[in-house]
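Visitor: The primary structure of each chain is shown beneath.
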Amino acid sequence: MTQWIDIAALVDIPRQGARVVKTAQGCVAVFRTLDDHVFALEDRCPHKGGPLSEGIVHGHKVTCPLHNWVFDMNTGEAQGADNGQVGTFTAKVEAGRIYLDATQLMARSAA
Amino acid sequence: MKKKLVVIGAGMASGRMLEHLFEANADYDVTLFNAEPRGNYNRLMLSPVLSGEKTYEQIVTHDDAWYAENGVTCRFGEKVTGIDRDRKVVIGENGEVAYDKLVIGTGSNPFIIPLPGHDLKGVIPYRDLEDTQSMMDLGAKPGSKAVVIGGGLLGLEAAAGMAARGVEVTVVHIMGHLMERQLDEAAGYLLRKSLGEKGIKVMCKANSKEILADENGHVRALLLDDGTELPCDLLVMAVGIRPNTKLGAEAGLAVGKGIHVDDQMVTSDPDILSLGECVEHNGAIFGLVAPLYDQARVLANTLMGIEDAFKNKEVSTKLKVTGCDLFSAGDFAEGEGREDIVFRDPARGVYKRLILQGNKVIGAVMYGDTADGAWFYNHIKEGTDVAEMRDTLIFGPAYQGGAAADPLSAVAALPADAEICGCNGVCKGKIVDAINGGATTLDGVRATTKASNSCGTCTGLVEQVLAVTLGEDFVMPTSQPICKCSDHTHEDVRRLIKAQELKSMPAVFQELAWKTVDGCHVCRPALNYYLLADWPLDYQDDPQSRFINERKHANIQKDGTFSVVPRMWGGMTTSDELRAIADVVDKFKIPTVHVTGGQRIDLLGVKGEDLPEVWSDLNKAGMVSGHAYSKGLRTVKTCVGKDHCRFGTQDSTGLGINLEKALWGSWTPHKVKLAVSGCPRNCAEATCKDIGVVCVDSGYEIGIAGAAGMDVKETEAFHKAASEEEVLEYVQAVMQLYRENAKYLDRIYKWVNKVGLDWVKEQVADEANRKALVERFLISQSVYQKDPWAEHVEKEQARYTPMANLMMEAAE
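Protein chains in written order, with full-length UniProt numbering: chain C, 1 to 111; chain G, 1 to 812.
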């Protein structure tokens with residue numbers, strides 16, 4: 001079952017930018033794209049642990065700031081020649097507020 | 001006996017509903033109330049009335065004869081003051097009317113921003129014929145000015161209409177681009193450009209603060225929160241509408257954003273129905289006409305006992321401004337599993353974007369050529385499977401299998417007088433003439449026109465002019481494009497940004513036919529640099545297009561922590577500064593302190609969220625950012641010079657400090673490191689820097705293009721200066737030349753290697769040119785020479801902290 005938690009206002013994240021949400025099992029990066037879509041990913045590049053929240057956002061992709069791995073934020077999959085996947089979380093925007101699914105964040109911690 | 005139907009509001013939706021009833025000879029006796037002293041006219045056509053393309057008479061949809069013919073009792077100019085649901089009567093100013101069925105079509109009210117001064121004379125919305133008349137009257141007065149707040153559909157139509165009548169119009173819009181609900185950024189850019197050509201000034205990201213009055217209580221000007229005053233004789237507020245739910249709410253109907261209706265358009269009272277801009281259906285409210293006409297049909301059918309249901313469908317939008325051809329339909333946001341097909345033709349100012357999900361078109365945005373809009377809209381509505389025609393879909397129905405986009409179109413679009421070669425002042429027309437005169441190779445063009453004969457950065461453009469002029473007879477040499485988003489090289493992009501005066505990211509994307517919507521991590525930082533270097537006063541630096549280090553003003557380390565390096569002018573420091581640094585290290589438990597090769601102190605391992613506090617403490621001790629993270633001026637290293645050293649010939653420390661004070665804060669294609677040595681023993685290692693000064697008895701030897709990184713290279717002699725002032729002038733001039741011409745991420749030595757030291761020397765040796773370079777450098781410094789730490793401590797704290805902390809919730 002989905003249990004939505006109100007995280008913040010959409011405008012708290014700049015377009016083509018990200019902010020971090022701290023959770024017990026690590027940081028989650030919440031991205032806002034140019035077209036106001038919101039994505040939540042583990043804030044940890046599978047390559048060398050780079051903070052994806054600090055990367056450059058373009059289209060629905062983000063580039064890791066450490067070694068330029070590019071991830072599709074819809075799937076969390078590394079693009080091009082790189083192989084790897086970063087965990088994604090369900091996020092939604094409603095009436096200008098951003099929500100994350102609490103049950104997902106918990107399940108992740110139990111696993 | 002006929003049933004009694006009362007309709008409140010003679011608008012477009014209720015008008016259409018009555019047409020359906022009468023066409024079907026429905027058994028109703030109709031009484032129609034309208035607060036405006038007239039019947040139904042086509043509100044959508046107010047804009048053509050305003051611009052003079054139509055008259056009021058031409059937009060009346062139902063005249064007196066029509067009402068008479070259909071036996072409608074008209075109570076126009078009479079307000080309804082209440083509804084008594086128990087007695088089933090509508091209470092008008094001139095008496096009551098009983099109903100069996102009641103239809104509420106009270107429409108919407110324009111939203112007026114409660115700015116100070118919103119109730120002044122001369123401040124109007126754009127809603128009805130009276131407002132339109134006020135705007136038309138303004139056009140009759142020569143030299144009159146108007147301000148429109150709101151860059152949406154209505155605001156722009158108001159602006160264009162007044163401009164067509166000779167009024168000087170400024171549109172003030174709070175968002176980043178015009179019509180942001182219907183258009184994406186690229187189409188918004190083109191729209192803004194077309195409006196500019198009509199003489200309409202557009203200000204985006206502009207916040208209104210106050211409406212100023214003259215001595216008669218009439219509007220005089222709009223004041224923005226940045227202090228700009230926009231004088232005006234009329235201020236039109238077109239920022240949106242709100243459903244007019246007053247009557248419904250007072251009668252106790254269920255009301256949210258609008259009056260709640262079900263699929264049959266029935267409110268919470270089974271005998272009261274509602275439609276139009278005053279209703280809320282499944283959480284949606286309505287402002288465009290297409291769904292209102294659907295509601296009208298459904299409501300009429302419900303009244304006649306015919307089963308029907310309203311379903312909210314995708315709608316399309318067109319702007320009714322002559323010469324601004326735009327079309328938008330469906331959902332054009334990016335999303336999971338969605339793909340874009342983008343087509344840009346800079347030569348014709350055309351932009352088309354289709355949004356596909358699976359094999360279906362779900363949205364379309366078009367500008368400049370909207371002929372195929374209806375065809376795409378149809379595919380959106382029908383949910384057509386477009387797999388078969390996907391490759392050529394964007395070209396529309398006529399071009400299944402049509403020509404591919406032309407990467408040369410940006411060059412083809414340049415006017416004949418556009419400058420191609422900046423060094424020798426050669427315009428496109430001259431090159432074309434030379435080609436037509438027989439110079440059909442690059443060398444031929446160079447020999448006859450001198451274009452691309454000096455620094456060579458325009459070579460790619462000259463080749464493209466050759467290709468455009470000669471067609472297939474010219475074989476293009478292959479060159480490396482900036483990234484996968486574009487076919488242009490860095491050099492071409494730089495020259496085109498200057499030649500076409502492109503001053504924003506969307507302008508570059510459109511005019512240079514970018515293949516992606518918002519670029520990528522390779523091109524965006526380069527473009528951001530080119531734009532801010534070429535247009536310091538026009539372009540707004542975009543932090544989201546910068547690499548993390550420049551966005552957070554600190555160096556990211558492999559573990560995600562940051563390093564902090566305060567500036568120490570010329571490598572000099574004091575006991576107070578050292579004490580403040582020591583305090584910061586203790587207070588924030590910074591694990592590593594390192595002395596750098598550039599004579600600075602590096603604090604490593606600072607947590608991202610501590611950065612603002614660390615900076616704040618360092619700021620308090622008088623220290624500013626050392627820009628150790630930037631593609632910009634890094635450090636000026638010095639030796640102690642003649643004050644202390646027995647060999648010193650000049651005040652190398654003082655000169656180093658002066659150079660650093662002049663250059664700090666400037667953004668450059670790559671990092672720039674300087675050094676000043678007080679004598680040829682060169683303790684400051686000035687001969688392997690980007691720019692190095694070695695003091696001698698007779699003056700100052702300036703060298704440039706040294707390197708001590710991946711490549712090691714000694715500087716080359718650039719100029720011998722007689723005074724410190726001369727050193728400063730030459731160094732600032734060469735910095736600016738580098739800033740204006742080099743490819744992003746080329747250090748000075750790489751750039752000099754490409755353009756030749758002689759060319760650089762020539763440019764700076766010419767006195768007029770040198771002074772102009774320095775002047776442009778100073779203009780840029782007036783914008784960018786500021787301490788980013790202080791600025792971020794003051795305004796950007798939020799960027800550094802987590803947006804939320806769920807540690808507690810997750811632990812429970």
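None of these hints come from the bench; they were simulated from the model.
Idealized CB from N, CA, C, for every residue including glycine.
Hints are not guaranteed to be accurate.
What the hints assert, rightly or not - Simulated pairs of lysine-lysine, DSS-like, Cα-Cα distance not exceeding 27 Å:
id, chain 1, residue 1, chain 2, residue 2
1, G, K795, C, K22
2, G, K607, C, K48
3, G, K607, C, K61
4, G, K671, C, K48
5, C, K48, G, K589
6, G, K484, C, K48
7, C, K92, G, K381
8, G, K558, C, K61
9, G, K607, C, K22
10, G, K671, C, K92
11, G, K503, C, K61
12, G, K257, C, K92
13, G, K360, C, K61
Stated by the list, open to error - Calculated Cβ distances over 10 Å to all of chain G for the following chain C residues:
id, residue
14, M1
15, A24
16, C27
17, E42
18, D82
19, N83
20, Q85
21, G96
Said to hold, decoys possible - Partner residues aside, some chain G positions facing chain C, computed with beta carbon under 8 Å:
id, residue
22, M45
23, N207
24, E210
25, I548
26, G560
27, P802
Visitor: All hints, please: hold or fail.
Guide: Tested hints:
no.	hint	verdict
1	G:K795 - C:K22	holds (23 Å)
2	G:K607 - C:K48	holds (18 Å)
3	G:K607 - C:K61	holds (26 Å)
4	G:K671 - C:K48	holds (26 Å)
5	C:K48 - G:K589	holds (25 Å)
6	G:K484 - C:K48	holds (25 Å)
7	C:K92 - G:K381	holds (26 Å)
8	G:K558 - C:K61	holds (22 Å)
9	G:K607 - C:K22	holds (14 Å)
10	G:K671 - C:K92	violated (41 Å)
11	G:K503 - C:K61	holds (25 Å)
12	G:K257 - C:K92	holds (22 Å)
13	G:K360 - C:K61	holds (22 Å)
14	M1	holds (16 Å)
15	A24	violated (4 Å)
16	C27	violated (7 Å)
17	E42	holds (13 Å)
18	D82	holds (14 Å)
19	N83	holds (19 Å)
20	Q85	holds (16 Å)
21	G96	holds (14 Å)
22	M45	violated (32 Å)
23	N207	violated (14 Å)
24	E210	violated (23 Å)
25	I548	holds (4 Å)
26	G560	holds (4 Å)
27	P802	holds (5 Å)
Violation of the numbered hints given earlier is confined to hints 10, 15, 16, 22, 23 and 24; the remaining hints are satisfied by the structure.
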